[in-house]
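Trainee: Here is how the chains run, residue by residue.
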Amino acid sequence: MPDITLILDSLWSMLTIKHLLLFVIGTIAGILIGSLPGLTTTMGISLLISFTWGMDWLEAVTLIIALHVGGTYGGSTAAIFLNIPGTPAAAATALDGYPMAQKGEGGLARGIATVQSFLGTVIAAVIFLVAAPLLVELSMNFGSWEYFMLAFFGILISANITSGSLIKGLMAGVLGLMLATVGMDSITGNQRFTFGEASLMDGFSLIAVLIGLFGITEIIHSLMELKPPLKSKNVKSTIPPWRLVKKFLPLGGRSSVVGAFVGSVPGVGADVASWVSYDWARRKSKDKESFGKGNPEGVVASETANNACIPGSYVPMLTLGIPGDSVTAVIMGGLLLHGLQPGPKLTVSNPTIVYEVFFILVISAAMMLIFGLLFTSVFQKVLLLPKSTVLTVIVVISIIGTFAVNNRPFDILVMFAFGIIGYFMRMFGMAAPPLVLGLILGLMAEQNFRRAMLSADYSFLPFVTRPLSLLLLILIVLVFLFQSEKVKNWFAAKRKRLFGNS
Amino acid sequence: MKKFISLLLFILLVFVSVACGGANEEGEASTSDSGENSENAAEGYPDGPIEIIVGFGEGGGTDTMARMLQPIFQEELGVNVAVRNMPGASSALALEHVAEQPADGQTILFQTDLLRVFPTMGMTDLTYKDFEQVGVGTMGIANFVVSPDSELETFDDIVSLLQEGDATIGVAGVGDPWHLTAEIVNSVVEGESEIITYESGSNAAMATLRGEVDFSISGVNEVVDLLQSGEAESLAVMDKEGFEVPDYGTIPPVTDFVEELEAYAPEGTWWGPAVKAGTPEPIVEKLREVYNKALQSEEFKKFAEEGAIVMIDVDDPQEYTKETTEITSWLLWDIGTGKRSPEEVGIQRPE
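Protein chains in written order, with full-length UniProt numbering: chain A, 1 to 502; chain B, 1 to 351.
Looking at chain A on its own, in the form it has when it is part of the complex (with noise of 0.2 angstroms):
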């Protein structure tokens, strides 16, 4: 526990004009970027991190945490209006709130999304706080047998969630996984795959892999099909009354831990959140029928979740070095770009740093309570606004970003490849998240693999002998076994058996 005056310090540091602008400039950013469908909160985070340059790391991750909660809760406006969700992790809102929107209350619904994405913040932000240093405490223990088991549960997770098909999921796992191997070997120093291009040999500039996968490809999706400007009506958010949010304040805490949760397990993010908490809120309900229908009760568990998955997925990242999703991948290479390694040894060269991204977190989420309740109209705007005007700027901030960070021509030509992968994966069906997380993970997988066998003289034993490693493993097992449908099938005739059928 470090000194509380260096905690208050932390807290005073950030109370500057200087600081407050810009977390009042992050909240923004991030709702624009989140309220206009297209434009992901991933998309928004890697080009904002090319412009952190010079900035000192506190002030750079107060911007990029402030984006991410106001990106995530962004994507709300468009869900409940338009039914089109603005950022992925909003689409579970998108069942209910439009429905309340053509009922007339699409203001309550917008307020309502606003405060419980508020809450959902901030309870899951304390969760963050007792957490992550309980998982540091932890992650001394870890050794490369479970990096290695980690990293490769999460490929396979994100394979298996994030896309529809497993077997595409998978596909654009491995992809990512043979990306993973360009560049020198860092274990013999041989050069793979760089057939003698000296920018390669750092392998693949993460963040232009992200910008062409995430910002390029929707560009080159959005030339295909230019839409004309869509209408919406023009609601203000309606503060909701403090009779629903005492009403809703159990739900929301039930949200905000799942949210918190499914947020620490590496290789799913805030989309799966809300969708686990929409499904299991509408599972408790005495109302199950209204589900789907206008029931405020999905708006408050998808948008809780979604917000409440931010400081639970900040927990692996900042402790063990292990993103949970695309947009904690960014976030981590960014704060690489801002010479904080984040890992075990983080919190040894900055005691605080628990603190000051809590503290970070909980003045963001304020911001977005009060934009999102006072500047509605605003934001709605934003919905109008002509794509092909959009999309130019993106193209524009894209190139310069890309070529910000390592100040290489070459990086652009690999921003734009990715763009179009990206753009045919999408044809095929093949989400990105699981190509990233295998680009990211696959050398962390592959290095410690090889360091463990390097360790223990080219024994797999320690992979079942180390009690944390065998965990891991024995997780891997289930979630593959639980994803055949023979195996289903099977509890399912069981559970029949033993309790009739019900």
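If you are wondering where the hints come from, they were derived from the structure by calculation, not from laboratory data. No residue lacks a Cβ here, since even glycine has one placed at the ideal position from N, Cα and C.
Heads up, incomplete: computed chain A residues facing chain B, CB under 8 angstroms, no partners named:
| id | residue |
| --- | --- |
| 1 | A198 |
| 2 | D202 |
| 3 | L337 |
| 4 | S349 |
| 5 | N407 |
| 6 | R451 |
Since the structure of chain A is provided, determine the placement of chain B on it from the hints.
Mentor: Frame of chain A, contents of chain B only:
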């Protein structure tokens, strides 16, 4: 069909923009050649803003140090001095960039000890001959890190473990100063060991604390926080004299235990500015003067002390880069780690 055409146009745009990028680069290179033989530049130096090229990303040790020097250079030279990061290929891309610029001292390379491994590891064909080393003033000294509850209590224990032949050592990467240190000690004490790489010296130290390796070798500067928090212990520094770490104590030198190591000390990662070979001597002298002044400044001394970085005194920096390149690249080639014979890029075997 329309869609298909727009997709084609888009791909075309991509190639055109990339091709333009390439063309610009070549254009730059050709103008630089024409400016190279302007010997008179020495008098008017510096002529406009100066760039310090750092081969690593922002925020790392090399970058931080370059940024410490930047304001002092700016003040002393009286022109704008900017630090530019060009990470990639273990900083080889930065070397190549500087080698493409005119030899007029307007572009300074912030050189690191990686220069000496390129001839055999093959990231670039450039060697010390392509640069004029302005100075080598700072070093992150190699030290031997163990966990406080390790059975290894002194450097003597490390020597016996190496001689037994089944030690595992954590280092950052192949061919780095920590790996070299391990090989040097092995050759002197006739030991053997398994090297495991962990990407950075501090990660290697963390692996030691978890018990994955017997001990690790890293720069003192990389583990200073672990030493101060009591999580790690350092048994010796690869130097002729002990090194005092604030709030920790003095780390004894390896020469206290094995005298023969004196010839190889100090060993570690070093930093210092360099310019392209062929830069007029007066310009190099001017920069040398400014660099030494910067090293003597209070700010820099404080920075070095806090970061556990050692100030070293190298009389002839160019000769130093020559000697260390010859010794190191041949050592790596001889033990089978090197990827090509140093002879291929004209590095002779040291006598």
